[in-house]
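Number of protein chains: 2
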Amino acid sequence: MENQRVGKQSFRLSSPPVITAWASVAGKKESEGPLSQYFDICSKDTYFGQKTWELGERKMQQMALDTLIKKAGLTKDDLGVVFSGDLLNQCIGSSFTLRNMDVPHLGLYGACSTMAESLLLGAMTVGGGFSDKVVAMTSSHFASSERQYRFPLNYGGQRPPTAQWTVTGAGAALLCKEGYGPRITGCTMGTVTDLGITDANNMGAAMAPAALATISSHFRDFQVSADDYDLIVTGDLGQLGKDILMQLSSQNHIFLGGKLTDCGTLIYDAAKQDVHSGGSGCGCSAITLCGCLLNKLQAGEWKRILFCGTGALLSPTSTQQGLPISGVCHAVVIEGGNQKWRILSHF
Amino acid sequence: MENQRVGKQSFRLSSPPVITAWASVAGKKESEGPLSQYFDICSKDTYFGQKTWELGERKMQQMALDTLIKKAGLTKDDLGVVFSGDLLNQCIGSSFTLRNMDVPHLGLYGACSTMAESLLLGAMTVGGGFSDKVVAMTSSHFASSERQYRFPLNYGGQRPPTAQWTVTGAGAALLCKEGYGPRITGCTMGTVTDLGITDANNMGAAMAPAALATISSHFRDFQVSADDYDLIVTGDLGQLGKDILMQLSSQNHIFLGGKLTDCGTLIYDAAKQDVHSGGSGCGCSAITLCGCLLNKLQAGEWKRILFCGTGALLSPTSTQQGLPISGVCHAVVIEGGNQKWRILSHF
Numbered sequence: 001m002e003n004q005r006v007g008k009q010s011f012r013l014s015s016p017p018v019i020t021a022w023a024s025v026a027g028k029k030e031s032e033g034p035l036s037q038y039f040d041i042c043s044k045d046t047y048f049g050q051k052t053w054e055l056g057e058r059k060m061q062q063m064a065l066d067t068l069i070k071k072a073g074l075t076k077d078d079l080g081v082v083f084s085g086d087l088l089n090q091c092i093g094s095s096f097t098l099r100n101m102d103v104p105h106l107g108l109y110g111a112c113s114t115m116a117e118s119l120l121l122g123a124m125t126v127g128g129g130f131s132d133k134v135v136a137m138t139s140s141h142f143a144s145s146e147r148q149y150r151f152p153l154n155y156g157g158q159r160p161p162t163a164q165w166t167v168t169g170a171g172a173a174l175l176c177k178e179g180y181g182p183r184i185t186g187c188t189m190g191t192v193t194d195l196g197i198t199d200a201n202n203m204g205a206a207m208a209p210a211a212l213a214t215i216s217s218h219f220r221d222f223q224v225s226a227d228d229y230d231l232i233v234t235g236d237l238g239q240l241g242k243d244i245l246m247q248l249s250s251q252n253h254i255f256l257g258g259k260l261t262d263c264g265t266l267i268y269d270a271a272k273q274d275v276h277s278g279g280s281g282c283g284c285s286a287i288t289l290c291g292c293l294l295n296k297l298q299a300g301e302w303k304r305i306l307f308c309g310t311g312a313l314l315s316p317t318s319t320q321q322g323l324p325i326s327g328v329c330h331a332v333v334i335e336g337g338n339q340k341w342r343i344l345s346h347f
Numbered sequence: 001m002e003n004q005r006v007g008k009q010s011f012r013l014s015s016p017p018v019i020t021a022w023a024s025v026a027g028k029k030e031s032e033g034p035l036s037q038y039f040d041i042c043s044k045d046t047y048f049g050q051k052t053w054e055l056g057e058r059k060m061q062q063m064a065l066d067t068l069i070k071k072a073g074l075t076k077d078d079l080g081v082v083f084s085g086d087l088l089n090q091c092i093g094s095s096f097t098l099r100n101m102d103v104p105h106l107g108l109y110g111a112c113s114t115m116a117e118s119l120l121l122g123a124m125t126v127g128g129g130f131s132d133k134v135v136a137m138t139s140s141h142f143a144s145s146e147r148q149y150r151f152p153l154n155y156g157g158q159r160p161p162t163a164q165w166t167v168t169g170a171g172a173a174l175l176c177k178e179g180y181g182p183r184i185t186g187c188t189m190g191t192v193t194d195l196g197i198t199d200a201n202n203m204g205a206a207m208a209p210a211a212l213a214t215i216s217s218h219f220r221d222f223q224v225s226a227d228d229y230d231l232i233v234t235g236d237l238g239q240l241g242k243d244i245l246m247q248l249s250s251q252n253h254i255f256l257g258g259k260l261t262d263c264g265t266l267i268y269d270a271a272k273q274d275v276h277s278g279g280s281g282c283g284c285s286a287i288t289l290c291g292c293l294l295n296k297l298q299a300g301e302w303k304r305i306l307f308c309g310t311g312a313l314l315s316p317t318s319t320q321q322g323l324p325i326s327g328v329c330h331a332v333v334i335e336g337g338n339q340k341w342r343i344l345s346h347f
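Top to bottom, those sequences are chains A and B. For the first sequence, the working numbering assigns the number 1 to the initial residue and increments by one for each residue that follows. For the second sequence, the working numbering assigns the number 1 to the initial residue and increments by one for each residue that follows.
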């Protein structure tokens with residue numbers, strides 16, 4: 001059986017790549033949240049021992065990669081290619097992580113959808129026979145993001161209620177041709193979707209239409225529904241964005257059947273942690289997946305989830321020039337169970 | 001025959017994707033240079049009819065995509081996925097180009113190596129059976145790059161002799177499962193290589209070691225030499241970077257056999273156009289490939305070239321923080337001839 005293009009935006013993997021290992025590194029606030037038990041490393045130091053936040057973010061990615069390699073029982077020379085990207089201008093968190101490591105690197109920019117995009121491309125690479133071992137990785141950092149996208153922290157700007165809190169965290173997953181673990185059986189590639197939101201403090205609203213577009217395309221392409229999933233999890237819509245997605249899905253008669261959740265609403269305790277609308281950033285979906293979600297899939301708690309990485313495509317320049325914020329969402333089907341994994345017949 | 005991983009960094013395509021169409025849009029200075037006859041569109045307007053340089057860059061990419069679709073006799077709905085990225089922060093040139101086009105988009109950041117990276121990933125996508133029609137695309141713009149990476153043009157900063165001139169141009173190529181045209185038969189994925197250069201006005205020196213690393217890995221992985229190629233063409237080392245690559249290759253006993261050229265030295269007339277060390281930017285290799293090189297491959301002038309996209313991985317922040325400039329280089333084997341294409345037996 002060959003890999004198969006399915007519908008307009010999707011493909012099915014004939015030999016689904018196995019996620020044999022995963023690793024997560026979390027910052028201080030994330031370590032105080034409800035998912036802290038799932039993270040491999042919880043750091044109280046926002047600088048991760050470095051001089052600058054940017055170098056701290058790099059260090060965090062390095063820690064995630066090192067932990068992944070260790071957990072998988074490999075060395076860096078076993079890695080066929082690393083797909084990674086981040087939110088820093090020119091993705092320096094990712095490129096500096098791989099500096100002089102002598103491991104092939106393909107850099108991505110998918111904003112906060114990067115964890116899903118890197119998994120999707122990693123699945124293509126393994127499923128297409130181009131490499132046996134691929135890493136999908138990303139990170140974000142609250143302080144480096146605020147400075148770059150909004151205001152320096154020292155400015156003490158007031159955050160509006162719609163604002164989300166950029167997660168300080170790095171996640172990495174290893175995709176292999178063979179092995180035990182959850183598997184990626186299908187993917188849906190997102191389109192750039194824009195309903196005209198221009199408020200850089202309201203990312204959830206900008207990304208929700210993209211999430212709906214991809215989820216509905218996924219349903220249409222594979223001829224499936226929410227009933228086929230134990231969970232449909234978006235990346236970082238936050239509470240407000242999730243509410244908007246619920247409304248939009250209802251208006252458009254896309255039935256989500258109570259399966260929807262969002263990493264941005266899972267990662268913090270909204271009542272206690274003063275994060276307004278919830279978490280955001282590449283790291284948000286990355287450490288939720290590479291901490292909590294993959295653990296639960298491995299344990300057999302869920303059989304199949306749809307992991308939907310959401311990204312807001314903007315730059316400070318485009319916002320200052322009054323341009324709208326586009327969204328993108330890539331979706332990856334991950335099937336769980338460690339021992340007797342099989343492709344469910346009707347999928 | 002299946003796709004095959006070859007050596008540490010490379011892979012061979014069992015059914016080489018065909019580049020059935022390509023398109024290039026060039027700015028004013030590029031249109032006055034020695035390659036002007038090859039470009040589909042030559043614009044005298046640096047703004048491309050828009051209000052800002054950033055929107056001009058977007059317009060330029062849109063023109064390249066529209067021209068490509070037209071030349072291929074397709075509509076946008078025929079496109080399976082577009083791989084693209086650019087130099088603007090958060091790659092807004094690419095994401096705004098695809099805004100609300102309803103075409104799947106996977107965003108890349110490979111700095112000036114993006115044309116090669118997008119071809120490599122496009123070849124994987126078609127070769128792996130995930131899509132029949134994939135676009136690889138990128139752009140750069142002199143004015144938007146100077147403002148973002150160095151100084152606003154109005155500042156009138158003096159350019160040192162090592163500086164290169166960012167090409168204003170956009171290139172796009174269509175990769176198909178079937179059809180007539182040059183084919184991608186193998187690829188080598190680059191590693192992030194850094195010898196400690198910190199001068200943001202000397203990109204060629206920063207990228208030359210990465211180019212050498214990838215070319216030598218390519219030779220080793222495929223067990224080939226410069227003799228197997230009619231041309232080895234780097235992306236944007238410029239005159240200085242090319243000279244450094246020649247020196248490094250000689251020191252490391254990597255024989256390039258007079259086959260080396262660089263898009264940054266081809267695109268301008270150095271004696272007349274006051275570009276110091278030559279051209280640079282994603283658009284440099286993009287319009288040289290999607291203008292001149294693919295035309296010549298199609299015409300049978302060359303049988304096989306190694307197209308090596310070179311990228312300097314830096315941000316103004318990393319430079320201001322005194323960090324070195326890493327380089328990356330991805331290489332794509334393109335075999336020419338329109339009619340009777342075949343994989344040469346010894347490759």
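Think of the hints as simulated: they come from the structure by calculation, not from any bench. Check the hints yourself; a few may be wrong.
Given that identical chains are not distinguished, each listed pair holds provided it fits within a single copy or across any two copies.
[Claimed, not checked] The calculated EDC-like cross-link candidates involving lysine to aspartate or glutamate, where the alpha carbons are at most 16 Å apart (straight line), are: (1) LYS8 with ASP78; (2) LYS29 with ASP102; (3) LYS76 with ASP199; (4) LYS259 with ASP221; (5) LYS8 with ASP132; (6) LYS8 with ASP102; (7) LYS71 with ASP227; (8) LYS44 with ASP243; (9) LYS177 with GLU2; (10) LYS70 with GLU32; (11) LYS44 with ASP78; (12) LYS71 with ASP221; (13) LYS272 with ASP102; (14) LYS259 with GLU2; (15) LYS272 with ASP243; (16) LYS259 with ASP78; (17) LYS76 with ASP40; (18) LYS29 with ASP228; (19) LYS8 with ASP77; (20) LYS28 with ASP274; (21) LYS8 with GLU178; (22) LYS272 with ASP132; (23) LYS296 with GLU2.
In this text, all values refer to a predicted model and were calculated from it rather than measured experimentally.
Here is how each hint holds up against the structure:
1. LYS8 with ASP78: Between. Shortest inter-copy distance 9 Å satisfies the 16 Å Cα cut-off; intra-copy 35 Å does not.
2. LYS29 with ASP102: For LYS29 and ASP102, neither the intra-copy (33 Å) nor the inter-copy (38 Å) Cα distance is at most 16 Å.
3. LYS76 with ASP199: Neither. Shortest intra-copy (42 Å) and inter-copy (30 Å) distances fail the 16 Å Cα cut-off.
4. LYS259 with ASP221: neither (19 Å within a copy, 47 Å between copies)
5. LYS8 with ASP132: Cα proximity of LYS8 and ASP132: across copies only (11 Å, versus 27 Å in one copy).
6. LYS8 with ASP102: between (37 Å within a copy, 10 Å between copies)
7. LYS71 with ASP227: neither (34 Å within a copy, 44 Å between copies)
8. LYS44 with ASP243: Cα proximity of LYS44 and ASP243: none, with 32 Å in one copy and 48 Å across.
9. LYS177 with GLU2: Classified as both; 15 Å inside a copy, 14 Å across copies.
10. LYS70 with GLU32: neither (25 Å within a copy, 55 Å between copies)
11. LYS44 with ASP78: neither (31 Å within a copy, 50 Å between copies)
12. LYS71 with ASP221: neither (36 Å within a copy, 29 Å between copies)
13. LYS272 with ASP102: The answer is neither: 44 Å in one copy and 40 Å across copies each exceed 16 Å.
14. LYS259 with GLU2: Classified as neither: same-chain Cα gap 31 Å, cross-chain 39 Å, threshold 16 Å.
15. LYS272 with ASP243: Classified as neither: same-chain Cα gap 20 Å, cross-chain 60 Å, threshold 16 Å.
16. LYS259 with ASP78: neither (37 Å within a copy, 33 Å between copies)
17. LYS76 with ASP40: Neither way: LYS76 and ASP40 sit 19 Å apart in one copy and 44 Å across, limit 16 Å.
18. LYS29 with ASP228: So LYS29 and ASP228 fail the 16 Å test inside a copy (34 Å) and across (56 Å) alike.
19. LYS8 with ASP77: Answer is between; shortest inter-copy Cα gap is 9 Å, intra-copy 37 Å.
20. LYS28 with ASP274: within (14 Å within a copy, 52 Å between copies)
21. LYS8 with GLU178: Close neither inside one copy (29 Å) nor across copies (19 Å); limit 16 Å.
22. LYS272 with ASP132: Neither way: LYS272 and ASP132 sit 44 Å apart in one copy and 50 Å across, limit 16 Å.
23. LYS296 with GLU2: Result: close neither inside a copy nor across copies, 30 Å intra and 34 Å inter.
Checked against the numbered hints given earlier, the structure breaks hints 2, 3, 4, 7, 8, 10, 11, 12, 13, 14, 15, 16, 17, 18, 21, 22 and 23 and satisfies all the rest.
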